[in-house]
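Generate the whole structure from the sequences, applying the supplied hints.
As numbered in the working numbering, residues 16 to 240 make up the sequence shown, in order.
Heads up, a few of these hints could be off.
For each label pair, taking beta carbons as the anchor points, the in silico distance ranges come out as [what the hints assert, rightly or not]:
id: 1; residue 1: R220; residue 2: D108; range: 21 to 31 Å
id: 2; residue 1: R112; residue 2: G154; range: 22 to 32 Å
id: 3; residue 1: P216; residue 2: G177; range: 24 to 34 Å
id: 4; residue 1: R220; residue 2: L159; range: 20 to 30 Å
id: 5; residue 1: Y21; residue 2: E52; range: 36 to 46 Å
id: 6; residue 1: R165; residue 2: D29; range: 34 to 44 Å
id: 7; residue 1: A143; residue 2: Q213; range: 18 to 28 Å
id: 8; residue 1: R55; residue 2: D33; range: 16 to 26 Å
id: 9; residue 1: R49; residue 2: A143; range: 16 to 26 Å
id: 10; residue 1: D29; residue 2: R101; range: 11 to 21 Å
id: 11; residue 1: N206; residue 2: R62; range: 39 to 49 Å
id: 12; residue 1: R157; residue 2: G59; range: 27 to 37 Å
id: 13; residue 1: D108; residue 2: R165; range: 22 to 32 Å
Read the hints as simulated data drawn from the structure, not as lab findings.
By construction, the Cβ of each residue, glycine as well, lies at the ideal position given by its N, Cα and C atoms.
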Amino acid sequence: MARDQYCPIYRSLDLFGDRWGLLIVREILRGITRFNELERSLPGISRSTLAQRLRHLEKEGIVTRSMASGRAVDYALTAPGRDLVRVLEAVNDWGLRWLIPDLQPSEADPDGLMLWISRHVILPELPAERVVVRFELKGGTRRLFWLVLRSEEASLCPEHPGFAEDVFIAGTTSDIYRLFVGRQSLQSAINEGTIVVQGPPALLREVPRWFRLRPTGPSVPAPIA
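Now the structure itself:
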């Protein structure tokens, strides 16, 4: 056994090999459980790479699979796999502090941001009843988007979906980015007036869980010079 194999960091990194392992865990944590869904939610991964990484994670006791209806296979995390949420949160906060700069208004892409938000909804947290969230992105031009959320499904609509709106979220593209990437908490954004959130109190209490927003607390600190 190589000397470094006694090191927990070495052993952990050796288990995942590359970014795809942890990204697969991230997607399963947010409720993506089928092979084709995982492929769609991980841009850039090939089907052969996804299949290989899933087999490896299953062999290492991170992922299990079971037969669903028909010939479909459902993937789920074991207890060690679920415990990786703390690792992902730590990596996320480090990346926010050192790698992800504030989005400047001139760099804002409303379509790209809303597509990213729709792909990071925490599906198991969604209500059984349909909820429509209207986003108003302010800036050079005012843009409206709608997210239709229902039991483990999120659909992004660039035009009104024809259903009643339940929740309203408004802010500049850069401020909504800061909120949804986790750089700022929902409460601090509301207190500062950079984000407006409206809707029935019962639904507003659930919004942070749907999008894994930081409900309270200070902003992620800036890097130390």
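Verification of the supplied hints:
1. Remark: the range hint 21 to 31 Å for R220 to D108 is upheld by a beta-carbon distance near 24 Å.
2. At roughly 25 Å, the beta carbons of R112 and G154 sit within the given window of 22 to 32 Å.
3. For P216 and G177, the hinted distance range of 24 to 34 Å is satisfied, since their beta carbons lie about 26 Å from each other.
4. Distance hint for R220 and L159: a CB-CB separation of about 24 Å, consistent with the stated range 20 to 30 Å.
5. At roughly 38 Å, the beta-carbon separation of Y21 and E52 lies within the given 36 to 46 Å, and the hint holds.
6. Between R165 and D29 the beta carbon distance is about 40 Å. The supplied range of 34 to 44 Å therefore holds.
7. A beta carbon spacing of about 23 Å between A143 and Q213 agrees with the range 18 to 28 Å that was offered as a hint.
8. Between R55 and D33 the beta carbon distance is about 20 Å. The supplied range of 16 to 26 Å therefore holds.
9. Between R49 and A143, the C-beta spacing of about 20 Å keeps the proposed range 16 to 26 Å intact.
10. Our hint of 11 to 21 Å for D29 and R101 holds, since their Cβ atoms are close to 19 Å apart.
11. In this structure the hint that N206 and R62 lie 39 to 49 Å apart at CB holds, the actual value being about 46 Å.
12. One distance hint, 27 to 37 Å for the beta-carbon pair R157 and G59, holds here, with the actual separation near 32 Å.
13. In this structure the hint that D108 and R165 lie 22 to 32 Å apart at CB holds, the actual value being about 31 Å.
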